[in-house]
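Listed below are the residues making up each chain.
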Amino acid sequence: MINSIFLQFLTGIQLGAIYVLISLGLALIFGTLGVVNFAHGAMFMVAAYLGVVISQAEWGGWGMAIVLVPIILFVLGLAMERGLIRFFYTRPHTDQILVTFGLAIVLQEALKWGFGANNLPFATPDWGSGIMRLHDYLPFLEGFVAYPKWRLILTAVSLITVAGLFALLQFTTFGLVVRAGMRDSEMLRLLGINISQRFAIVFALGVSIAGIAGVWGGPVTQVDPGIGMVFLVPSFLVVVIGGMGSLPGAVLASFIIGLAISFSATIPALANIIVYLIAILILLFRPRGLMGQKGVME
Amino acid sequence: MSDQAYFSVSDLHAYYGESYIVQGISFEIKEGEILALLGRNGAGKTTALSAIARMQDPQVHKGTITLDGQDLTGMKPFEAARAGVQLVPEDRRIIPGITVEENLIISQISEPIGWDLDRIYDHFPKLRERRSQEGVTLSGGEQQMLAVARALARGIKLLLLDEPYEGLAPTIVKEIEGIVREIKEMGITTIIVEQNAVAALKLSDKAIIMESGEIVYAGTAQEVLDNKELREQYLAI
Chain W
1 MINSIFLQFL TGIQLGAIYV LISLGLALIF GTLGVVNFAH GAMFMVAAYL
51 GVVISQAEWG GWGMAIVLVP IILFVLGLAM ERGLIRFFYT RPHTDQILVT
101 FGLAIVLQEA LKWGFGANNL PFATPDWGSG IMRLHDYLPF LEGFVAYPKW
151 RLILTAVSLI TVAGLFALLQ FTTFGLVVRA GMRDSEMLRL LGINISQRFA
201 IVFALGVSIA GIAGVWGGPV TQVDPGIGMV FLVPSFLVVV IGGMGSLPGA
251 VLASFIIGLA ISFSATIPAL ANIIVYLIAI LILLFRPRGL MGQKGVME
Chain U
1 MSDQAYFSVS DLHAYYGESY IVQGISFEIK EGEILALLGR NGAGKTTALS
51 AIARMQDPQV HKGTITLDGQ DLTGMKPFEA ARAGVQLVPE DRRIIPGITV
101 EENLIISQIS EPIGWDLDRI YDHFPKLRER RSQEGVTLSG GEQQMLAVAR
151 ALARGIKLLL LDEPYEGLAP TIVKEIEGIV REIKEMGITT IIVEQNAVAA
201 LKLSDKAIIM ESGEIVYAGT AQEVLDNKEL REQYLAI
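Read top to bottom, the protein sequences are chains W and U.
With my numbering, the residue at position 120 of the first sequence is 120, and numbering never jumps.
With my numbering, the residue at position 219 of the second sequence is 219, and numbering never jumps.
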């Protein structure tokens, strides 16, 4: 009994870890730029494909994929913000949704055209393959309990990324400007700060985190042209449940959703609707989401 | 102080979307002077200040704004701030979610920089006391102090004060008045918009009265104080 509960808990946390990586960027971009980026799932998908290609290339390898993918995604994010998104800042959210959704479909079809519609195999590296014998470390477990090593690594990477992002926002001048800009970007401009420039970097940073999600998460999800959309909807719900634009809210909601999906998995009828059920319940009692602030999206 | 105009606005027309608010105003200020910009609610005073600060809204369709030989007209708000314009907005706009000190630090990120933190805290001991408190949790008067301090933390050539006394208790108004007087003594060129016209006029050298987006009177502050008819007609005091 304790074993299965613990494993479900672990699976929930690991699922939450992927949601965190995707929804953090989504929340960051919404919170700073006010842009609803429906192409964010597609960024995750592109990163997963890049991960497959680079990790399996003769010139590449896993080490290179881990380093290169987030960098490529950062550059892609910058290009996307400068070339497309910035023209939509003052447009209604529906326009932003349409253009980013359109971009997502273009990317999805492009990958389908290039790689086919089927799932690409994405093997974990040797150092991350196999299982961890959890009962060796956790005495409260009964008998033999193992868990895939890669999933634990993924969870750790996610937590490190979250900690890194929070440290960047909390303890650096850049972070101070971004946090302040999330609350009143116009006042920052009046104080001489070229906030648009910093926001372009923030957008790229958000996309880059989706890159981390794609390359580390790819081996446990699937790598096919539909994967972006599969993660987009729950990640977007995570942001709404957490409170539009709230990063701690997104983290909290990710793990709530991950755990809820994992623990409801034994009842298939429930598993399919649990995310929406939670969203409805939370928004019923807290219309701004768990940690949403007054004035955002109102 | 030279006799030449340090700051000038010439034939300025500003719009909020389709609404035509500032309808061709022109005026000049010499270096170190304080100008009171007066008029009833809706006369276009705040719009004029926002246009001078080069805020995205209102849009300036026509006219030029010049400060110390620099043309501000085509500038973005952050560029105007770097050129030395500093607006203290009507609602103070203390940034939520960050401390008093962070509100000050953030105004010193881009050049030109004015007073350092020590000088600000020596001048506003209350802000030192509350430096690690969230800025928006301060009282109204303290927030106004922080808003002015935040402006002084920048290198200013032109200070724009929008309703600095609004919503403050009379004793606090006295305190803020003292601060504005000190700003005057420092020789910072200032435009002050204020409903409390008498208080503003006492501090000012010049006065402009706006009505429906146009200037209906321009003269010295003393002239407006002395002319009861003028005050009754346009300022209802």
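Rather than coming from a laboratory, the hints here were simulated on the basis of the structure.
Accuracy of the hints is not assured; some may be wrong.
[Claimed, not checked] Which chain W residues stay away from chain U? Per the calculated CB distances, all over 12 Å, these:
#1 Phe9
#2 Thr124
#3 Glu186
#4 Met187
[What the hints assert, rightly or not] Per the computed footprint, the stretches of chain U lying under chain W, defined by three or more beta-carbons under 8 Å from a beta-carbon of chain W, are:
#5 18-28
#6 106-113
#7 164-171
#8 223-229
[To be verified] Here are some chain U residues the structure puts well away from chain W; computed CB gaps all over 12 Å:
#9 Tyr6
#10 His13
#11 Gly42
#12 Gln70
#13 Thr99
#14 Glu102
#15 Asn103
#16 Gly140
#17 Lys174
#18 Asn196
#19 Glu214
#20 Tyr217
#21 Thr220
From the three backbone atoms N, C-alpha and C, an ideal C-beta is built for every residue, glycine too.
Problem set entry | Thr124 (chain W) and chain U, when compared Cβ to Cβ, separated by more than 12 Å | holds, 40 Å
Exercise. Within the stretch 223-229 of chain U, is the number of residues with a Cβ closer than 8 Å to a Cβ of chain W three or more?
Worked result: violated (count 0)
For this session: Would you check chain W against the stretch 106-113 of chain U, counting CB to CB pairs closer than 8 Å, and say if three or more residues qualify?
Result: Coverage by chain W holds for the stretch 106-113 of chain U (5 residues, Cβ < 8 Å).
Exercise. Would you say Gly42 (chain U) is clear of chain W, with no C-beta pair closer than or equal to 12 Å?
Worked result: holds, 22 Å
Exercise. With d taken as the least Cβ-Cβ distance between Gln70 (chain U) and chain W, does d exceed 12 Å?
Worked result: Nearest chain W Cβ is 14 Å from Gln70 (chain U), so the label holds.
Exercise. Does the claim that Glu102 (chain U) lies outside the interface with chain W hold up, using a Cβ gap greater than 12 Å?
Worked result: violated, 6 Å
Exercise. Was Asn103 (chain U) rightly flagged as not at the interface, with every chain W Cβ beyond 12 Å?
Worked result: violated, 8 Å
Problem set entry | Verdict on Lys174 (chain U) as a residue remote from chain W, using beta-carbon distances over 12 Å | holds, 27 Å
Exercise. Beyond 12 Å from chain U, beta-carbon-wise, is Glu186 (chain W)?
Worked result: About 7 Å separates Glu186 (chain W) from the closest Cβ of chain U, which leaves it inside 12 Å; violated.
Problem set entry | Verdict on Tyr217 (chain U) as a residue remote from chain W, using beta-carbon distances over 12 Å | Given a closest Cβ separation of 29 Å, the condition holds.
For this session: Could you let me know if the closest chain W CB is still more than 12 Å away from the CB of Thr99 (chain U)?
Result: violated, 10 Å
Problem set entry | Within 8 Å of chain W's CB atoms, at least three CB atoms from the stretch 164-171 of chain U: coverage verdict | It is violated, with 0 qualifying residues against the three required.
In this structure, the earlier hints numbered 3, 4, 5, 7, 8, 13, 14 and 15 are contradicted, and the remaining ones agree with it.
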